[in-house]
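Given the coordinates of chain A, assemble chain B with the ligand onto it according to the supplied hints.
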Amino acid sequence: MEQSRSEQSGSARDEEYERQHVHSVYEEIAEHFSSTRYKPWPIVERFLLSLPPGSVGLDIGCGNGKYLSVNKNVFIIGSDRSHNLTRIASSHSPSSTIVADTLFLPHPLAKFDFAISIAVIHHLSTPARRIEAIKSILETLRPPLPDGKADSEGKALIYVWALEQKSSRRGWDEGDEQDVMVPWVLKGADRKAIGQVKQEDKTFQRYYHLYRKGELEEDVKSAGGVILDAGYEKDNWWAIITRG
Amino acid sequence: MKLLTLNFLTCARKTCKSLPAAFPLHPKDAELEVVETDFNAPFLRNILGRLEWDALKTLCMELGLPNLPPSAPEPEALLEPGAEMAELELERELEPTQTARDLHNLLLETGIKEGKLVCGNCGHEYAVKEGIANFLLPSHLV
Ligand SMILES: [Zn+2]
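For the protein sequence lines, the chains are A and B, in the order given. Quick note: the first sequence uses the working numbering, first residue 46, plus one each step. Quick note: the second sequence uses the working numbering, first residue -2, plus one each step.
It cannot be assumed that every hint is accurate.
Claimed, not checked - Calculated lysine-lysine pairs in the DSS-like style (CA-CA distance at most 25 angstroms, straight line):
no., chain 1, residue 1, chain 2, residue 2
1, B, K113, B, K11
2, A, K180, A, K258
3, A, K117, B, K110
4, A, K156, B, K54
5, B, K11, A, K180
6, A, K211, A, K258
As the list claims (entries may be wrong) - So the derived list for chain A, only partly shown, Cβ under 8 angstroms to chain B, looks like this:
no., residue
7, V115
8, K117
9, T131
10, D146
11, L150
12, P151
Stated by the list, open to error - Derived, one-sided and incomplete: chain B residues facing chain A with beta-carbon distance under 7 angstroms:
no., residue
13, T2
14, F5
15, T7
16, L133
Hints in this document: simulated from the structure, not taken from any laboratory. All residues carry an ideal CB built from backbone N, CA and C; glycine is no exception.
In isolation and in its complexed conformation, chain B is listed as follows:
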């Protein structure tokens, strides 16, 4: 499961859903995988504005990944300076910056393969198997 997904997941229990403590979910015993995917600059630029950056920072810290900067990079930081001119004049592809490549790798290529996701409010653990998280609740929790 791509790490980007975790920015849009919370506990499935109705009593937790609207509480800040239930977001983000916390990885436990996580085994990570990296699956290469196509780089899509417009997608990355637009998704940047939708991210809860603090939740992403927490996730990286809890997974033992390199620390993220305190705030999200500006969209302009994703493409090489002056590259836009080059594109217009020479019809060359825009060159993604290292920042863009790192973000692409973190959000879309890095995923949790096995492990658990834990709710910070109720403590319920959701299993992740073969990259797919299971949010079906046992009957006593619905």
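Here chain A stands alone, though its shape is the one from the complex:
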């Protein structure tokens, strides 16, 4: 194993790390995870509801697709690395879902009115890959309309988990380790409910990079983006961004 690791390039190694500590976990916990994720976060809901009818955009890392039908007058293509989550997400209309990697999106460049990426970028395991992901999202956004208003360019909403969440169940705060493994416990009862044979509790560990204050803005700037608005909402940092 060590030998094969040293032969891989850095990014292949990082990708393998994320495959083990992010992608395969979501694949296994998909149904239980989805059953706990149904309430849209207010900032995301407001962003989606502010879009003009007929807007076309992307939900990058759409998970179970809880944002895909918030605004039924826009067309969203949701993508996720997890086949199982994508299958759950595909029930929403009029949106559409595909399996894709945030760093290799199969979309034409400079085409989309909007993009959202909610609780996704914090799963990438190096600063370079997180910045690359933001770049990849930015390049899908279209430039301002030729005869459009000043704010007619495509916009993306990015949402990541915050380090500063002292009052949360996890209790992390400023100065704590930012690269952490976070357990997801699949209870025996839940596993029975989704038809698996064994019924003991099983714990999965997911990798997260917890963003400290100001770090998301720094990453957006490193990716060549411009911040239109940014803030903190219940244990998360968010930013609405556009191309530079």
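Same frame as chain A, but now just chain B with the ligand:
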């Protein structure tokens, strides 16, 4: 996968993405399905202006579907003439035209259930299974 989606997809490889040859992707061995969805007139009218009509024409031809007209219908062609007056005066629903129903059926109700999507530049084939296309690239292509 709704046919509308294909108007917004290209090859996932960085070397293909910006090339005209990679768009649109070409269906291969496609098995189609029709899933009924609610008709939404404002959605359809607005999405019309966002379509690459030529890409949609190519797709229909390659799938063996009826030929589309050379250019996209005007938004006014989607609702019955005079219907807007009727709505104001009688509070009746606007009646979609046959053109609107056909477009709705093509873009939002017709989808690829099984098959492949092929890049016209590099030839890579992306599988579509149970209506979901998989764009994850094998490691030698990233
Ligand atoms: Zn290609």
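For each hint, the structure was consulted:
Between K113(B) and K11(B) the CA atoms are separated by roughly 20 angstroms; this keeps the pair inside 25 angstroms, and the hint holds. The straight-line distance between the Cα atoms of K180(A) and K258(A) is roughly 20 angstroms, inside the 25 angstroms bound, and the hint therefore holds. For a cut-off of 25 angstroms, the pair hint linking K117(A) to K110(B) stands: about 23 angstroms separates their Cα positions. Taking the CA atoms of K156(A) and K54(B), the gap is about 19 angstroms. The hint holds against a cut of 25 angstroms.
Pair hint K11(B) plus K180(A) holds up; C-alpha atoms about 13 angstroms apart against a cutoff of 25 angstroms. Distance check on the hinted pair: K211(A) and K258(A) sit about 13 angstroms apart at the alpha-carbon level, within 25 angstroms; holds. About 14 angstroms separates the beta-carbon of V115(A) from the nearest beta-carbon of chain B, more than 8 angstroms, and the hint is not met. With a least beta-carbon distance of about 7 angstroms to chain B, the hint placing K117(A) at the interface is held under the 8 angstroms criterion.
Residue-level restraint check for T131(A) holds (minimum Cβ-Cβ distance to chain B is 6 angstroms; threshold 8 angstroms). Proximity of D146(A) to chain B holds as hinted, the smallest CB-CB distance being about 6 angstroms (cut-off 8 angstroms). Taken as an interface hint, L150(A) checks out: its beta carbon lies about 7 angstroms from the nearest beta carbon of chain B, inside 8 angstroms. With a least beta-carbon distance of about 4 angstroms to chain B, the hint placing P151(A) at the interface is held under the 8 angstroms criterion.
The restraint placing T2(B) at the interface with chain A holds, with a minimum CB-CB distance near 4 angstroms, inside the 7 angstroms limit. Look at F5(B): its Cβ gets to within about 6 angstroms of chain A, closer than 7 angstroms, so that hint holds up. Checking T7(B) against chain A: minimum C-beta separation of about 5 angstroms stays under 7 angstroms; hint holds. Interface hint at L133(B): satisfied, since its Cβ lies 6 angstroms from the closest Cβ of chain A, which is below the 7 angstroms cut-off.
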